[in-house]
Amino acid sequence: MTLECPTDILTVYSMKRLTPHIQLATILVLLTLALWQSADFQQIAAGVALFLLGMTMLEDGFKTMGGGLLERLLARSTGSLPRAMGFGIAATTITQSSSLVSVIAISFLSAGLITLQAGIGIIFGANLGTTTGAWLMAGVGLRVDIAGYAMPLLALGAVLMFQRGAGLRGAGRVLVGIGLVFLGIAFIKDGFDAISARFDLTALALTGVLGLLVYTLIGATATVVMQSSHATMLLVITALASGQISYENALAVAIGANMGTTVTALIGASQANYQGKRLALGHLIFNGLTAIAALALIVPLRVLVDLISDLAGIGAQDFALRLAVFHTLFNLLGLGLMVPQMPRLLRFLERRIATPSPAVSRPRHIQADLGDFPATLLQALRAELRHLYENGAALCAEAINLRLADLVQSRDLPLTVARNREAIGLDLDRRYNDKVKALHAAIIDFAASKASLPLPEPAVRRLQELRDGANAVVRAVKAIKHLQRNTRRFTERDHGAVSTLYDRLRTEIASILVAIETLEATDPAQRSSLWIAEERRALRKGAEEVSASLESLLRARRISAADATSFLNDAHNAQEAMNALLDAAEVLYRDPDDILAEIERLLTPEDESDEQQAP
Amino acid sequence: MAYGKFREALDRHRKRLNKGKGHKIKPADLDKMIAKLEQRRQVLLAEAQAKPHKAERITHKQAALDEILANARSLRARLEPAGGNPDSGA
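Quick mapping for you: the protein sequence lines, in order, are chains A and B.
Anchor point for the first sequence: position 345 equals 345 in the working numbering, and the numbering is continuous, going up by one each time.
Anchor point for the second sequence: position 86 equals 86 in the working numbering, and the numbering is continuous, going up by one each time.
Check before you lean on any hint, since a few could be wrong.
[What the hints assert, rightly or not] Using 27 Å as the maximum straight-line C-alpha spacing, the simulated DSSO-like pairs for lysine-lysine come out as follows:
| # | chain 1 | residue 1 | chain 2 | residue 2 |
| --- | --- | --- | --- | --- |
| 1 | A | K437 | A | K478 |
| 2 | B | K51 | A | K541 |
| 3 | A | K541 | A | K478 |
| 4 | B | K54 | A | K541 |
| 5 | A | K437 | A | K481 |
| 6 | B | K21 | B | K32 |
By construction, these hints were calculated from the structure, which means they are not laboratory data.
Could you build all of it, start to finish, from the sequences and the hints given here?
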């Protein structure tokens, strides 16, 4: 369609805005009509609603109760593909929420805390872990009067939910969640039992390829609408147990449910960075190929399911359990197909969605889809602060005709500084705008938006600290800017004693930059933000020595009063820049353990920076 | 840091604790930090020997580290008096 006039553009724009409202209104009207028409449908719909509410409570409960446990475990599960997959299977089996595990994986990947391979491994594992839900529903949910267990769970959970401690509150939500899920299953079961007494929905069964395709589509659509493959599986297992859907069609619905989950992931990834988009595409490819393979191999798969079921002693008419076997088997088939192709998949994803390398620095780690997990938010923000620091430090070095990479590799800093006198073509204002300003604004904006979340006190404190760290980087760059002109003037050509003084100043700045890079390269378990206090002390002593040198040069009339005044101003700016760099580093290298961080704050000498004086 | 300022920092920490904010520091936590500081001291000593041209700068760093270490030990002593019974923690 070509847009001829502004009216067309406005119409398309209005349609885009209205579409979600129209969709919602249609769903509500259809639902109301169905609820009005059938009391049995009311029962099933209420069951689905309770089930979905229970799943949400369960997810929230695990988030609150875990206190970052899932995130800490995930951070350790990135060493290899089997470990990442193991984490995906275990976490999804325990929480019964592949979406929670996927969201955490996307958050960590977007924050640059895990590799793409680990992220995909977790998603693969979560796909297999989610099949345990079908086993629980078919094996326990339909056999036991679980509504009887729901009541005490709801009562106990409600008491715990209103306690002060986060652990107890979370446990309460988990219990209430399980209670609601049980209640939902019981409602759905009763609804289908009632329908069975009056209707035979198997009359709608379709056989052959058409049946496979139609019911796969139904499974995918139901999962997209309910945003839960568990809910789709619950409905199909219950319908199967009540004889309201044919076994063949139920298999297709299970395949469709797997496909439906990728739509949720794709919607989530639309706000993610390039890594999140790669993960969502990987998820889509995995589930898509698994579904195609399962549909193509449906006959041998069915034979295999029967064989395994017979061996496991599952009754010939127990189609609900046989469906659970099928669900696990075709997900295993997907893993068998995709795991050997992992290197190829990674290459494809990295080629298809390229790493952006813009001239203007954009946030790499803080993204809209990070969720509200305190540990993830803080780690992402810390990584972004390091990104900002790297840009700021490179700029500070180049402003005084030095390159950070040369300094880090140098064995004799004063010599490296003395040899690097040529001007580096640097438009400081432009570089500041491109590499620092936008990134700084993004960090401040992110910190402000997350400050409104109900975070624990140590997380709030850390959030403020990281924001202050970003401000410190900007302070450092602005202070360096003031000494750029004179530093270049006195270093690009030799001006005798005053050039030597400026070289000492450049060496001091270089020492600070190198010290911070050394901290970055040190094993986090061995380093402490307290090392920054050492640098501050050395900086103060160095400034005193430069001050003494300046005085003796003035007395010996080897330096003019005008040059001495310029140097004094520049030395003051240099001190400000170095202190700001150290302020940022102090925040960056704060111990990740809350208690050790608290000790570091207590032991950080407050007077070091206060006592620092320009020479 | 001057001992007075360290005491002020400690008072502020206690006030935050009384308001239910922050973390209670246990002797084992401080032991971990003291071990880290002592290890750092060894690193600086080795660096001073290996890089004599940096000796002066390293001496200043060692002085700052020694003060931090002294304050850490003082805090450790407050948490667990000579009798060996830890008090209520910092």
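request  = Starting from the hint list further up, note which numbers the structure goes against and sort them upward.
outcome  = none
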